[in-house]
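Trainee: Using the sequences and the hints, build the whole thing.
Chains E and V, in that order, give the protein sequences.
Positions 195 to 512 (our numbering) are the ones given, in order, by the first sequence.
Positions 195 to 512 (our numbering) are the ones given, in order, by the second sequence.
I should point out that these hints are in silico values taken from the structure, not numbers from a laboratory.
Predicted model, so just to flag it, every value in this text is computed and none were measured.
Which copy is meant is left open, because identical chains are indistinguishable; a pair holds if it fits in one copy or across any two.
The calculated lysine-lysine pairs, modelled on DSS-like cross-linking and capped at a C-alpha distance of 30 Å, are: (1) LYS291 with LYS348; (2) LYS214 with LYS203; (3) LYS214 with LYS202; (4) LYS350 with LYS291; (5) LYS203 with LYS291; (6) LYS389 with LYS350.
Number of protein chains: 2
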Amino acid sequence: MRALVLEKKLQYQANHPDPKPGEGECLVRVLMAGICSTDLQLVQGYMQFRGVLGHEFVGVVESGSAAWLGKRVVCEINCVCRGCDMCLSGLANHCRKRTVVGIDGRDGGFADLVSVPEANLHEVPDTLSDEQAVFVEPVAAAYQTLSQYPFVAKTKATVVGSGRLGLLVAQVLAETGCQLTVVGRNEAKLLLAEKRGVQAVHVDELICRADHDVVVDCSGSPEGFELAMRLVRPRGSIVLKSTFAGEQGVNLAAVVVNEITVVGSRCGSFTEAINALVREAVEVRPMITQTFPFDRAVEAMAVAGRRESLKILLDMRR
Amino acid sequence: MRALVLEKKLQYQANHPDPKPGEGECLVRVLMAGICSTDLQLVQGYMQFRGVLGHEFVGVVESGSAAWLGKRVVCEINCVCRGCDMCLSGLANHCRKRTVVGIDGRDGGFADLVSVPEANLHEVPDTLSDEQAVFVEPVAAAYQTLSQYPFVAKTKATVVGSGRLGLLVAQVLAETGCQLTVVGRNEAKLLLAEKRGVQAVHVDELICRADHDVVVDCSGSPEGFELAMRLVRPRGSIVLKSTFAGEQGVNLAAVVVNEITVVGSRCGSFTEAINALVREAVEVRPMITQTFPFDRAVEAMAVAGRRESLKILLDMRR
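Mentor: As structure tokens, then:
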């Protein structure tokens with residue numbers, strides 16, 4: 195099969211071996227996939243990942259149990275043991291023995307075929323296009339923010355970063371009716387937020403008064419975290435959505451002095467994400483910068499890394 | 195008056211000008227004071243503080259309103275405006291215009307006399323000695339931990355750091371009946387924790403299984419924070435008690451991946467602290483390494499900076 199593989203460097207391979215499904219797993223023929231900032235970080239060395247990249251994809255079940263055969267699906271990325279303390283305490287996404295599709299110890303979906311646990315599958319409603327379905331995983335991650343801070347109408351909230359994740363988080367937060375601002379550097383991306391009714395401010399025009407109840411850092415940079423620290427009020431919260439690949443650290447003295455709560459946030463509910471896409475609470479189509487045929491995947495990754503890019507899709511049928 | 199003053203360097207001054215109380219303030223004649231790690235950090239440049247050091251002290255009100263005259267008192271350190279958004283929202287300790295006694299914009303209590311707002315005073319019960327009363331401020335800071343995590347009997351908790359603050363936090367947490375461990379490097383200090391019924395482990399003998407519900411970092415170092423990150427379970431909490439003077443940063447990627455909550459914690463309730471000392475829930479006397487006459491304050495600061503030291507007191511009457 196064809197696959198985008200990270201070995202010592204990133205390689206498009208036309209004849210990669212097909213995956214062999216394990217116990218409880220099925221084969222999914224990938225239709226379309228999305229490139230995430232995490233993919234770009236993995237290429238930079240994050241997680242020391244080696245294998246087939248890709249954790250945002252939609253496909254059709256090609257082999258597996260009868261109940262799933264032929265169904266169009268998206269796939270949760272944490273593959274868990276169901277036996278460790280985390281799994282048994284209801285925190286399976288933090289399974290001690292987990293592999294993570296295309297991120298940690300398991301091949302991903304930038305390929306014609308991917309093997310995944312059937313337990314991780316969610317059927318995609320007919321009303322969602324393949325392009326929309328690719329966004330289920332990052333929209334789920336955006337929804338996780340809501341479980342980590344009690345957003346209400348009077349909440350003064352800011353999303354730092356108007357990139358792929360920031361624009362999704364902004365749309366999810368907008369539904370809560372909170373007093374929301376998105377901060378970014380790219381006018382075109384900020385305009386997308388404004389079109390969804392979210393106030394958008396260029397970082398150069400931002401005045402930091404340390405008066406926001408909560409700041410969601412989707413910047414993917416230590417500078418973004420420092421900006422969040424200047425925006426948040428004493429006793430406020432910073433929800434940290436993005437990892438930084440580098441070792442560059444942040445100074446936490448102000449966290450203590452101002453008694454800030456910093457909470458990390460990762461994967462979220464696919465069910466909530468699918469529902470949100472169906473009812474168009476989150477509109478993802480304007481975020482698609484370009485769709486590449488799969489044999490140009492290496493080029494697509496390079497384009498995804500450009501400042502002006504939002505979501506880059508890979509189309510396995512082209 | 196005599197005072198320990200931080201100018202370009204630390205100086206003992208025998209003829210420092212007496213403080214002049216402002217509106218609502220009174221003069222306190224200091225009886226005894228304690229040296230805190232924050233004092234040592236201030237000398238290293240933290241907060242760019244200039245003036246009389248000292249924020250842990252007990253004294254007698256020498257001038258002020260009749261209600262307070264002659265009373266033995268301790269003093270809350272945040273001097274607040276009562277008019278800003280923080281004060282009006284019940285977060286006066288985070289007042290936008292605050293000064294902090296001996297830490298930020300206001301002279302402290304390493305002196306014969308200190309001027310403080312009467313609103314900040316708490317009378318010391320007769321059953322507490324001066325030595326115990328000096329600990330009210332740090333014990334209050336230790337109590338603040340309880341308001342930032344819901345410790346219960348099944349909570350698996352660790353205090354990182356067996357220094358001045360760590361041993362106070364450990365005693366406060368022990369009262370909740372949680373499953374408590376203190377981690378440190380100094381055998382004598384760990385023994386003090388054990389004498390209070392708290393399990394103590396040397397850092398070299400510690401096995402990190404990422405299975406603690408909450409870790410309170412009292413280490414005062416980025417290394418302590420990194421140890422806390424290895425101890426805490428996914429979705430667990432780190433309560434950060436100590437600032438580090440240096441610019442050395444910490445890597446927050448694992449906070450995101452493991453969805454850790456990091457919450458900064460600073461000053462706490464003097465009333466709770468006084469009550470705890472009265473009922474001997476917190477025993478501070480074994481933590482006193484040495485008491486210096488005040489004219490040897492510079493030497494006392496040097497001794498406080500030694501690894502083996504716990505609390506160093508300054509006695510203004512000697």
